[in-house]
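Undergrad: From first to last, the protein sequence lines stand for chains A and B. Quick note: the first sequence, position 5, residue 5 per our numbering, numbers continuous. Quick note: the second sequence, position 95, residue 95 per our numbering, numbers continuous.
Treat the hints loosely; a few may be bogus.
Listed next, the in silico DSS-like pairs over lysine-lysine satisfying Cα-Cα at most 30 Å (straight line) [what the hints assert, rightly or not]: (1) K97/B / K70/A; (2) K97/B / K3/B; (3) K97/B / K71/A; (4) K57/A / K9/A.
No lab work stands behind these hints, which were simulated from the structure alone. Just so we're clear, the structure is a prediction, and the values are computed from it rather than from any experiment.
In case you want the letters, here they are:
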Amino acid sequence: DGGITQSPKYLFRKEGQNVTLSCEQNLNHDAMYWYRQDPGQGLRLIYYSQIVNDFQKGDIAEGYSVSREKKESFPLTVTSAQKNPTAFYLCASSIVEQGTDTQYFGPGTRLTVL
Amino acid sequence: DAKTTQPTSMDCAEGRAANLPCNHSTISGNEYVYWYRQIHSQGPQYIIHGLKNNETNEMASLIITEDRKSSTLILPHATLRDTAVYYCIVRGGLGGKLIFGQGTELSVKP
Numbered sequence: 001d002g003g004i005t006q007s008p009k010y011l012f013r014k015e016g017q018n019v020t021l022s023c024e025q026n027l028n029h030d031a032m033y034w035y036r037q038d039p040g041q042g043l044r045l046i047y048y049s050q051i052v053n054d055f056q057k058g059d060i061a062e063g064y065s066v067s068r069e070k071k072e073s074f075p076l077t078v079t080s081a082q083k084n085p086t087a088f089y090l091c092a093s094s095i096v097e098q099g100t101d102t103q104y105f106g107p108g109t110r111l112t113v114l
Numbered sequence: 001d002a003k004t005t006q007p008t009s010m011d012c013a014e015g016r017a018a019n020l021p022c023n024h025s026t027i028s029g030n031e032y033v034y035w036y037r038q039i040h041s042q043g044p045q046y047i048i049h050g051l052k053n054n055e056t057n058e059m060a061s062l063i064i065t066e067d068r069k070s071s072t073l074i075l076p077h078a079t080l081r082d083t084a085v086y087y088c089i090v091r092g093g094l095g096g097k098l099i100f101g102q103g104t105e106l107s108v109k110p
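Take these sequences, add in the hints, and give me the full structure.
TA: Following this line, the structure appears as structure tokens:
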């Protein structure tokens, strides 16, 4: 069954701790993305990667880090430098089809800082 | 990317067609119209996209006006599970972020 998986679904963290969110896809997509969603708001781009071993900052990269060592995996680390990390985190991947790329999303991880 | 305007909310009776409008009057020639929906506490779900021709898939139909300044997403037989926020997004080029506006909150009622 192809798709994008994110784990865990819910995550609780103490203030000052780093935490890593997992994102895996078996769709053979080249590009992967991390977004953050706050209550009642739209998605904001954190980081994205168009190929393995390369990634770019999005609009709100401060306090986050990523790696892209494998095509199917794009983990996101929320560091203690992120001042307001409580949010819903969404991973997406995309493929170029008919001249444009369509992003498909995972189910999300809800992070709560205690 | 062009800005979009959608109604804040809409109601639809179960079994009837849901027609969700979107205005994108500043769309440029190489920009696509995308539709996603998000059910509460879930990731956005891709529905359909198009450039200038009408498109249909197993989920919905997309009707784009000839001048491309507006479009309509049609769910032919709405069910209670179609209750969600629907986002119309205009996007050009390859790669980069999706910009989600406020969307239309569709409530399907029995």
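Undergrad: State for each hint whether it applies.
TA: Hints and how they fare:
1. K97/B / K70/A: holds (21 Å)
2. K97/B / K3/B: holds (14 Å)
3. K97/B / K71/A: holds (19 Å)
4. K57/A / K9/A: Status holds; Cα separation ~24 Å.
Hint compliance for this structure: every hint is met.
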